[in-house]
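Asker: Below are the chains, spelled out letter by letter.
There are 2 protein chains.
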Amino acid sequence: MKIEYTLLKKEKNTEARRGKIKTNYGTFDTPMFMPVGTQASVKTLSPEELKECHSGIILANTYHLWLRPGEDVINHAGGLHQFMNWDGPILTDSGGFQVFSLAKPKDISEEGVHFKNIYNGDSLILTPEKSIEVQNKLDSDIAMSFDECVGFPHTRKYVEDSVERTIRWARRGKEAFHNDRQSLFGIVQGAEYEDLRKHCVEELVKMDFDGYSIGGTAVGEPKDLQYKQVEYSCKYLPKDKVRYLMGVGDPIDIVENTIRGVDIFDCVAPTRLARHGHFYTMQGKKNIKNSQYKEDFTPIEEACDCYCCKHYTKAYIHHLIKCEETFGQRLLSIHNIRFLTRLTEDLRKAIENDTILEYREQFIKNYYEK
Amino acid sequence: MKIEYTLLKKEKNTEARRGKIKTNYGTFDTPMFMPVGTQASVKTLSPEELKECHSGIILANTYHLWLRPGEDVINHAGGLHQFMNWDGPILTDSGGFQVFSLAKPKDISEEGVHFKNIYNGDSLILTPEKSIEVQNKLDSDIAMSFDECVGFPHTRKYVEDSVERTIRWARRGKEAFHNDRQSLFGIVQGAEYEDLRKHCVEELVKMDFDGYSIGGTAVGEPKDLQYKQVEYSCKYLPKDKVRYLMGVGDPIDIVENTIRGVDIFDCVAPTRLARHGHFYTMQGKKNIKNSQYKEDFTPIEEACDCYCCKHYTKAYIHHLIKCEETFGQRLLSIHNIRFLTRLTEDLRKAIENDTILEYREQFIKNYYEK
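Those sequence lines, one after another, are chains U and W.
To convert, take the position in the first sequence, counting from 1, and add 15; that gives our numbering.
To convert, take the position in the second sequence, counting from 1, and add 15; that gives our numbering.
No wet-lab data here; the hints were simulated from the structure.
If you're wondering where the values come from, they're calculated on a predicted model, not measured in any experiment.
It cannot be assumed that every hint is accurate.
One copy or two, it doesn't matter: identical chains are merged, so the pair holds either way.
[Said to hold, decoys possible] Cross-link-like lysine-lysine pairs, in silico, DSS-like; alpha carbons within 25 Å at most:
1. 364 x 337
2. 25 x 131
3. 304 x 121
4. 325 x 66
5. 17 x 27
6. 152 x 304
7. 364 x 189
8. 131 x 337
9. 172 x 337
10. 304 x 131
11. 221 x 66
12. 131 x 66
13. 325 x 213
14. 309 x 131
15. 152 x 337
16. 152 x 309
17. 172 x 300
18. 325 x 256
19. 380 x 221
20. 300 x 254
21. 337 x 254
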């Protein structure tokens with residue numbers, strides 16, 4: 016079956032929404048933060064640990080899995096869930112962001128994006144049809160249309176042309192799509208131009224996707240511009256379909272964009288930051304390598320219910336990260352993911368209580384002013 | 016309390032022994048394989064995973080913990096068990112092996128071993144008293160005397176002098192020892208010379224240690240020489256005290272030295288090999304990177320009960336290791352440790368049944384001839 020999105024409640028004072036999404040692999044609440052399992056593994060973590068972090072859904076990268084091990088290997092395994100032993104929902108991206116950001120030199124044509132395989136130098140082309148074929152074979156729960164992710168800064172003329180191409184590519188992908196168990200999202204582009212975002216939404220909605228993603232964020236734009244892009248997209252998106260903001264996971268951005276009507280977020284930050292010793296707290300982001308933690312025998316966050324905070328001290332994790340022990344990275348990854356899923360739990364409660372603006376005020380005060 | 020070793024049964028045809036060791040942190044069976052947690056972490060693994068591997072005891076390295084984070088930090092944490100969240104038994108080595116193998120340049124005097132701190136270049140000296148002081152503070156269950164680990168090859172004259180020094184150092188360490196909850200082992204040196212091993216054992220036994228270690232192995236000597244060194248040590252060691260063979264963990268060496276009367280083994284191999292994609296099977300050691308595993312959707316070992324073999328396929332682990340995902344290293348580390356603890360379980364059964372020579376024959380046939 017396709018996913019089923021249910022809008023449970025809209026917050027009184029903002030565009031924030033509380034909802035739930037039913038998939039073939041279980042139901043999860045929104046707003047939700049989605050950890051990233053780039054290569055069919057959320058770095059350092061087991062599926063059981065992800066469950067304990069209350070990760071309702073995870074993301075896997077089509078680009079990486081297409082190149083290694085190849086979509087056929089995963090298809091022969093019985094799909095991505097079986098391959099990686101994850102029995103919860105999975106969303107795959109289209110590979111678009113990666114061919115634009117990782118694979119160079121590149122050349123964009125109407126057909127698709129030409130680039131070199133970083134592992135063996137082969138010339139490759141990723142097209143809307145190929146992206147869908149790969150995702151159909153990966154058998155994720157939610158697939159993305161292949162879009163052009165425009166960088167920042169850019170010209171209006173470029174964005175105009177690019178939005179039209181993204182719409183044509185979305186149509187081609189939808190026609191090529193063949194997997195009854197999988198849902199397909201359209202991706203809203205248009206940068207910071209409200210009319211282009213509106214136009215893109217309208218054309219995508221005509222095609223009737225199972226949900227909509229907001230793209231062109233997390234490409235180096237200022238935060239206020241990001242929030243505008245989200246506003247200009249959500250304003251025109253249908254209320255009864257889920258909205259996924261791609262690549263955004265900074266705590267304040269989760270708060271601000273939930274307020275603007277986003278349901279799902281993803282970001283590599285919690286695991287990437289963990290590998291460098293950074294950890295989130297409600298009093299801001301900190302680094303465990305700081306010498307002040309050498310003999311600090313308290314948990315990362317007293318109020319946190321994660322495995323890391325229940326059993327380990329800052330002093331121990333300080334030692335592990337200083338010694339480059341991967342168990343330290345693992346503990347901080349668990350904490351950072353759980354921090355973001357706790358944040359979405361808080362936001363869901365604030366939506367229930369119509370207090371999300373107060374929550375934002377308090378959050379900013381704690382996170383930035385201490 | 017000190018550890019209590021109970022000899023439960025001697026195998027009829029060999030020197031192999033079945034026993035159990037009671038500690039302040041639980042009782043475990045012997046023969047036992049002990050995973051190595053060099054820097055207060057068995058690389059990539061959690062304490063819960065080690066428990067699931069049926070690791071009855073783990074080893075931590077005094078040299079590494081002395082340099083980072085320092086014994087005082089761990090002491091202030093409440094000891095090594097609290098620091099690393101491991102509530103099972105812990106054995107610490109003396110630091111001797113590391114100052115001889117890792118720290119260069121070095122200079123051996125009667126006082127101890129002079130060397131440079133690899134992290135900051137400071138001149139340091141490790142003495143029998145300092146080694147014991149550090150271990151007393153780490154508060155492991157079993158501490159080791161500081162000995163001179165003689166390399167291979169060597170001259171008889173050098174070994175003669177070295178054994179005398181090891182005996183004098185053992186006496187100094189025993190006098191400096193102050194921790195009622197901790198047991199202290201003497202270390203038998205003497206290389207491949209039976210008379211020197213005998214002399215060393217006799218002098219150590221006069222000092223009445225809580226158990227005895229066999230040293231001077233795993234330094235590059237041929238296997239037949241290693242087995243002789245073990246024979247020449249066990250032959251003279253008291254039956255009612257536990258015997259620990261330091262640094263040895265190759266599967267065949269565990270079998271051969273159990274037959275010669277050893278109770279405890281340790282080795283970094285299962286975790287180090289895992290990080291390079293190697294895994295043990297009863298049909299020999301293999302490498303998951305081999306392309307034959309790309310679409311092999313069977314577990315590492317069908318008969319294995321570990322977390323890795325219960326839930327993951329060779330194809331998935333092949334992919335993870337090729338992509339340098341640490342979750343792959345983690346899965347193979349679990350399997351490799353469990354392989355060695357299963358091997359000791361098999362050996363315990365064979366001792367009960369007086370069939371250890373048949374077990375060895377079958378093991379060699381399977382492990383080397385396929």
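Asker: Look at each hint and say if it fits the structure.
Answerer: Hints, one by one, checked against the model:
For the identical chains of this complex, residue 364 and residue 337 are neighbours neither inside a copy (38 Å) nor across copies (43 Å), given an alpha-carbon limit of 25 Å. Taking CA atoms no more than 25 Å apart as the test, residue 25 paired with residue 131 passes in neither setting, with 46 Å inside one copy and 65 Å between copies. Proximity of residue 304 and residue 121 under a CA criterion of 25 Å is satisfied in neither setting, with 39 Å inside one chain copy and 31 Å between copies. Both within a single protomer and between protomers do residue 325 and residue 66 lie at most 25 Å apart by alpha-carbon distance, with minima of 16 Å and 18 Å respectively.
Neither within a single protomer nor between protomers do residue 17 and residue 27 lie at most 25 Å apart by alpha-carbon distance, with minima of 30 Å and 66 Å respectively. For the identical chains of this complex, residue 152 and residue 304 are inter-copy neighbours only, at 24 Å across copies versus 43 Å inside a copy, given an alpha-carbon limit of 25 Å. In this homomeric assembly, residue 364 and residue 189 never come within 25 Å of each other (Cα to Cα): the closest approach is 36 Å inside a single copy and 62 Å across copies. Taking the shortest alpha-carbon separations for residue 131 and residue 337, only the inter-copy value of 19 Å comes in at or below 25 Å, while the best intra-copy value is 37 Å.
Taking identical chains as interchangeable, the C-alpha atoms of residue 172 and residue 337 are never at most 25 Å apart, the minima being 49 Å within one chain and 43 Å between chains. Within a single copy, residue 304 and residue 131 get their C-alpha atoms only as close as 38 Å, which misses the 25 Å cut-off; across copies the closest is 24 Å, which meets it. When the C-alpha separation of residue 221 and residue 66 is checked against a cutoff of 25 Å, the pair qualifies neither within a copy, at 36 Å, nor between copies, at 56 Å. In the homo-oligomer, the alpha carbons of residue 131 and residue 66 never lie at most 25 Å apart, since the shortest distance is 36 Å inside one protomer and 46 Å across protomers.
For a Cα distance limit of 25 Å, the shortest separation of residue 325 from residue 213 qualifies neither inside one copy, at 47 Å, nor across copies, at 50 Å. When the C-alpha separation of residue 309 and residue 131 is checked against a cutoff of 25 Å, the pair qualifies only between copies, where the shortest distance is 23 Å, while the shortest distance within a copy is 46 Å. Within a single copy, residue 152 and residue 337 get their C-alpha atoms only as close as 41 Å, which misses the 25 Å cut-off; across copies the closest is 21 Å, which meets it. When the C-alpha separation of residue 152 and residue 309 is checked against a cutoff of 25 Å, the pair qualifies only between copies, where the shortest distance is 17 Å, while the shortest distance within a copy is 48 Å.
Taking the closest pair of Cα atoms, residue 172 and residue 300 never come within 25 Å of each other, the shortest separation being 38 Å inside a single copy and 61 Å across copies. Taking the shortest alpha-carbon separations for residue 325 and residue 256, neither the intra-copy value of 37 Å nor the inter-copy value of 39 Å comes in at or below 25 Å. For a Cα distance limit of 25 Å, the shortest separation of residue 380 from residue 221 qualifies neither inside one copy, at 42 Å, nor across copies, at 68 Å. In this assembly of identical chains, the alpha carbons of residue 300 and residue 254 never lie at most 25 Å apart, being 34 Å within a copy and 57 Å across copies at closest.
Within a single copy, residue 337 and residue 254 get their C-alpha atoms no closer than 48 Å, and across copies no closer than 43 Å, so neither meets the 25 Å cut-off.
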